[in-house]
Amino acid sequence: MSQDHDASGMSSATESEALSAKRAAELLEETKRRAQREFDVWPPYLLLIGAVIFLVGYGAVWWSVRGQDPFTGPTGGALAVMYGGILAWIIVSVQVIQRATTGIRGSTSRSRTYGAGYFAIIVGYSAFQGALYHAGASHAIVYGIYPASAPWLFAGSVFVTIAALREDWRPLGLGVILIGIGLGAAYAGPVASWLVSGIGVFVMLTGFAAIQAARRRA
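Using my numbering, you'd call the opening residue of the sequence shown number 34 and step up by one each time.
Misleading hints may appear alongside valid ones.
[To be verified] Restraint ranges, calculated between C-beta atoms of paired labels, are given here:
1) Trp96 / Ala133: 33 to 41 Å
2) Val127 / Tyr158: 14 to 22 Å
3) Gly222 / Val125: 27 to 35 Å
4) Trp202 / Gly109: 35 to 43 Å
5) Ala247 / Gly110: 35 to 43 Å
6) Ala164 / Arg250: 42 to 50 Å
7) Leu198 / Gly110: 36 to 44 Å
Bear in mind the hints are in silico, worked out from the structure with no lab data behind them.
The beta carbon of each residue, even a glycine, is placed where N, CA and C say it ideally should be.
Using the sequences provided together with the hints, build the complete structure.
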């Protein structure tokens with residue numbers, strides 16, 4: 034009788050473990066499908082617009098610092114062109130993506146979480162730049178290499194982390210590309226770093242747009 038009870042208990046435990054494993058697999062698959070839908074909502078035209086904005090914005094900053102000896106940093110007008118264009122593109126992109134993801138479970142709260150995370154990164158990035166200046170770092174680092182390369186290193190790290198959590202290769206690929214752009218810009222020097230970043234992001238967004246267009250035609 035005791036043996037029958039023990040056998041019954043072991044059978045129930047085994048079934049419970051099997052159900053838990055099945056549920057975990059279903060949750061993982063649902064997360065992957067949701068991540069795929071969120072990537073697919075990016076329209077190619079929006080990516081192409083962003084590619085041009087980054088190329089023009091970073092190109093304007095590069096144009097403002099080329100030939101500086103010693104390096105003093107970008108002009109206010111060039112920075113206004115770059116950050117103004119990027120900010121406008123981000124605002125439009127958020128609106129387009131929010132409309133496209135309406136009805137996707139958890140998309141709103143997840144977007145808010147990501148937004149809060151990105152805001153924290155921006156604050157940390159700016160504070161660290163101030164720390165570099167306070168520590169006596171050269172203008173070439175504070176106003177050149179760091180602002181031209183650090184954002185892509187931060188963003189790339191975020192996407193690599195997301196890829197690890199979701200087990201999704203697409204944010205992993207995007208993260209690796211962004212990290213590569215950041216490293217390339219850092220090694221290019223305070224002047225060329227802006228041009229490297231602009232061209233790198235332009236190529237990345239253009240390639241992403243081409244992939245999205247091909248997926249939609251398939």
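Each hint tested on the structure:
1. Trp96 / Ala133: 33 to 41 Å: Because 35 Å falls inside the window, the suggested range holds.
2. Val127 / Tyr158: 14 to 22 Å: 19 Å, holds
3. Gly222 / Val125: 27 to 35 Å: About 33 Å separates the Cβ atoms of Gly222 and Val125, which means 27 to 35 Å holds.
4. Trp202 / Gly109: 35 to 43 Å: 41 Å, holds
5. Ala247 / Gly110: 35 to 43 Å: 39 Å, holds
6. Ala164 / Arg250: 42 to 50 Å: The hint (42 to 50 Å, Cβ to Cβ) holds, given that Ala164 and Arg250 are roughly 48 Å apart.
7. Leu198 / Gly110: 36 to 44 Å: 41 Å Cβ-Cβ, so the 36 to 44 Å window holds.
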